[in-house]
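Visitor: Using the sequences and the accompanying hints, generate a full structural model.
Chains as they are written, first to last, in my numbering: chain A, 1 to 237; chain B, 1 to 226.
Treat the hints with care, since some could be wrong.
Stated by the list, open to error - Which residues of chain B face chain A? A partial, calculated answer using Cβ under 10 Å:
1) PHE19
2) LEU21
3) SER76
Keep in mind that the hints were calculated from the coordinates and are not lab data.
All C-beta atoms, glycine included, are put in the ideal place defined by N, C-alpha and C.
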Amino acid sequence: MKAIRLSFFHMLKLVRQDRMLLAAGLAPLLAGTAIHFGVPFAEKIRIRFTGLPAILSPYYGLFDVFFSSITPAMFCFIAAMVMLEERDDHIDRYLSVTGLGRNGYIVSRIGFPALAAFGVTAMLLPVFHLTPLSVGAILFLSLTGSLQGVILSLLIVTISSNKLEGMAVTKLASLMMLGAVIPYFVPAPFSFVCSFLPSFWMGKAMMEGTLLYLLPSLAAEGGWIAVLWNPLCKACR
Amino acid sequence: MRFRHLLLWDMRFQARYGFYLLYGFLTALYLLLLVSLPQSWKKNAAAILIFSDPAAMGLFFMGAIVLLEKSQRVTSFFAVSPLSALEYVCAKVLSLSAIGLLVAAVLAAAAGCPSLPSMLVGTFLSSVFFTLTGILIATKITSLNQFLLATVPVEILAFVPAILHLFGIAPAFLRFFPPNVCMDLIAGRGFSVIGLVFTAALILLLFVAACRCVMKMWISAGGVKL
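Guide: Okay, structure coming up:
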C-alpha cells in the first residue's frame, strides 16, 4: 500500500510540474460555476429576448449528468496521459517490476485518480446541481461518473500504443459521455441500442427520476472494465 | 522532391496512427448529427463543427506529433539532414489541412453550405492558423499535459469570439479578428478585405515564428547545442 501511495504522489508531482494539478483543481469549480449560474442565466436571457418558451430547463438533469462526468473524465484523462508518457519512455515496465508491481501501478495511476474524482464530484455536485438531487442520486452520479472515468483511462491506455494514438483514442472515448443525451432525444426501444454506454443509464436515471438504473449502469461499467482489464495487463507488461 | 517525400511521409505517419480512421468515424457521427438537426440550425452547426474540429485538429494533435518525434529521435535526424525548418512546417501544415479540408467538404455538402469555395478557403486558413499555433506551443513543451494546458488559452481566444460572431453577438470591430474572418468564410457569409489582410499577416508572422522555434528545437536536440 505504501508503494502505491508513493507512486500516486510521484504522479501528482509530475502533474504539478506541468501545472496541470492546478488546472485539474480549478476546472471542476469553473465548470460547476458555468453550469450552475451560466445555463439558467442564458435561458433567462433567451426567453426575455425571444419570448419563446424554455428550451434548456427540461434538460437541466442532463447538465447534472455532464457535470458528474467532467471531473472524473478530466482526472482520469490526466492520469492516462502520464501513463502514455511513461510507456513511451519505457518507465512503466520498470515500475511494474519494482515492489509496486503491475497491479499496484494500475491502481496508483487509474484507481486513485478515480477515487479522488469520486470524492470531488460528491462534494461539488450538491453545490452546483441544477435539479433537486437526493443523497442517493448524488452518490449514484458520482460513482457511475467515476467508473466512466476509469473506462476512459482503460480505453486510452489499452487501445493506443503511444501518445499520438492516445490523443486520437481520447477524442473518440470522450464521446462515451454523449450517451446521456440518447434517452432524452431518442425514443425507446431504439434508444436501447446505446444501452452498453454507462452514460445512457445515467441520463435515463435523471430523466425518469429513479435510482433503479444504478444496477444496469454498474453492470455496463463492470462489463467494460472486465473486457478491458486483460488488454490493460498486457499493455502494462 | 525532398518536400514531396516529407509531405507523403507525414501523411503516411498520420494514416498509421489512425488519423484518417478517426476522422472517418467522426465525420460519420457529425453527419448523423447534422441530419437530425432542424434545417434552420444546419448551416451554423456545420460551421461550428468544421471550425472547432477538422480545422483545429493541428492544434489538438501537434503536441503529440512533436513529442512522439522527439521520443523516437526523429528530430535529431532532421537536425543533421538538409531539410529546412520551412519544409518541415509546410509539410505539417499541408498534411493536416488535407484531412481538415476533406472532412469539411463532406460536412458542408451535407449541411447545404451556400459557398463551397469560400468554406474551403476558410477551413484552410483556420487549419494553417491552428497548426502553426500548435507547432509554436509543441516546440516548447516536454509533456502532453503541458501541451494541453497551453492550448486552452488559444482555444478560448479563437473559439469564443468566432462562435459569438457567428451568432451576431460579438462587437462589430471583431469582424477583423482572424478567427472571425475564418468563421465568416466557413459560414459562406462574405468577408472583409481588411480582415483577410490581417489574417494573412498573422499567418505569415506565425510561419516565421514556427520556423524559428522548430530550428531552435532541432539545434538543441538532446540538451546540447549542435
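Visitor: Against each hint, give a clear statement of whether it holds in the structure.
Guide: Quick rundown of the hints versus the structure:
no.: 1; hint: PHE19; in the structure: holds, 7 Å
no.: 2; hint: LEU21; in the structure: holds, 8 Å
no.: 3; hint: SER76; in the structure: violated, 16 Å
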